[in-house]
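Protein chains in written order, with the numbering used here: chain A, 1 to 229; chain B, 1001 to 1229.
Hints in this document: simulated from the structure, not taken from any laboratory. Hints may contain errors.
Here are the simulated PhoX-like cross-link-like pairs (lysine-lysine), alpha carbons at most 20 Å apart as the crow flies [stated by the list, open to error]:
{"#": "1", "chain 1": "B", "residue 1": "LYS1075", "chain 2": "B", "residue 2": "LYS1123"}
{"#": "2", "chain 1": "B", "residue 1": "LYS1117", "chain 2": "A", "residue 2": "LYS177"}
{"#": "3", "chain 1": "A", "residue 1": "LYS156", "chain 2": "A", "residue 2": "LYS137"}
{"#": "4", "chain 1": "B", "residue 1": "LYS1177", "chain 2": "A", "residue 2": "LYS177"}
{"#": "5", "chain 1": "B", "residue 1": "LYS1067", "chain 2": "B", "residue 2": "LYS1056"}
{"#": "6", "chain 1": "A", "residue 1": "LYS75", "chain 2": "B", "residue 2": "LYS1075"}
{"#": "7", "chain 1": "B", "residue 1": "LYS1111", "chain 2": "A", "residue 2": "LYS194"}
{"#": "8", "chain 1": "B", "residue 1": "LYS1194", "chain 2": "A", "residue 2": "LYS194"}
{"#": "9", "chain 1": "B", "residue 1": "LYS1067", "chain 2": "A", "residue 2": "LYS91"}
Quick caveat: nothing in here was measured; it's all calculated off a predicted structure.
Protein chains: 2
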Amino acid sequence: MIAGGDVEQFGKTDFEQLKNELLTMGGYVEKALEEATQALIQRDASRLENPERLEKEINRSHVLIDKHCLNLLAKLSPFATDLRRILASIKINSDLERMGDLAVNVSRNVKFYLTHKELPVDKDFLLLISEVRWMVKNVLDAFVSEDENKAEEVLKRDDVVDSLRHKINDFVRQIMKQDSTAVDSGVDFIFIAKNLERMGDHATNIAEDIIFILSGDDIRHGGLVNEKP
Amino acid sequence: MIAGGDVEQFGKTDFEQLKNELLTMGGYVEKALEEATQALIQRDASRLENPERLEKEINRSHVLIDKHCLNLLAKLSPFATDLRRILASIKINSDLERMGDLAVNVSRNVKFYLTHKELPVDKDFLLLISEVRWMVKNVLDAFVSEDENKAEEVLKRDDVVDSLRHKINDFVRQIMKQDSTAVDSGVDFIFIAKNLERMGDHATNIAEDIIFILSGDDIRHGGLVNEKP
């Protein structure tokens, strides 16, 4: 799976440890997303403290992992695959941190929403939630197993999520036009859907980073420049 | 301005070139933001093609700068300040790329808005626009001049921008409740304000990176871990 000709320099344990730190952080993100969205589906405000609590752990991991990457770069002066692994880890770390913020945003949106008029969490909304949760879970799996195919599957879901978000937006605009007492809830729904879609976008960023580690190809922006470093 | 005891290893020209590439990219972002917001203020749809055009340049810069950073890391095995400079450049590059996306989002929101009912772009909205433009301009200035004080001034504006965004949201919710024909425009305004606020957030990320280059202090998340690498 590693681009041909690359030499792996540092011990397996160096990268395994970094990987484990990122996976632990990813686990917090997954859990925060689960709690925030279950609070919405089950109208259960008691779950909304969990994302805030998990975000503290995520932020702590964020700072420590960046420091760990910096130390590895300074200590090992890596090149080829190992250098790509560390750089990709720095980016994955940023993405996971932002996903933690977004899960907290969803949680706060749900908190407001639960004080406003109840709206139907319809089929599209449930699908959006399950798609984004699938993307987060599977991009972490792709990272553990260094599985390029799985990373590509995650990339493909991005359009599905965007399209669901637009459908939800149109639906909510209609409700708000018909019923002025649904405006506050409608705005809450628009933000929840937007924040979920952004979590999906960050999962695709991570999928691109996984492909970059494994192949050395930068596929962002349609692969504008594709020469191995 | 550089943390004591650090040794600068690579020639001034290496970092100057990287810095110039980032500043050129930052200039595109600044221009895209100007065009998108002037299109809103002057109701001039003819300016809305410019952010899309500039985003192509921004994406191209994004890929090339990442590649440049990777090459510098592989070639020079830098440590201390130089290593921090390259890592911070990678992050600033990501932030500028995302700011380009957000300027395009604003531009698309404005495009929709101009087909919907006209709403007042009031004092708070004009202030939000000018605050975010100030943040983007000044964080780029702080980066050129490696000016920690200016970077800190940018950080301080984040709360002002958040508070303006909330005021605009409340105002728009009121309008939508009173006038169902203003719902589409209201949703457009909510997204424009949100995307502008996010541009301000990325400017604060860059300000934090500048402080990290100069002092070696990671001040993110309230400075959870502050030991120099």
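request  = Please name the hints from earlier in the document that this structure breaks, with their numbers sorted from lowest to highest.
outcome  = Per hint list: single violation, 1.
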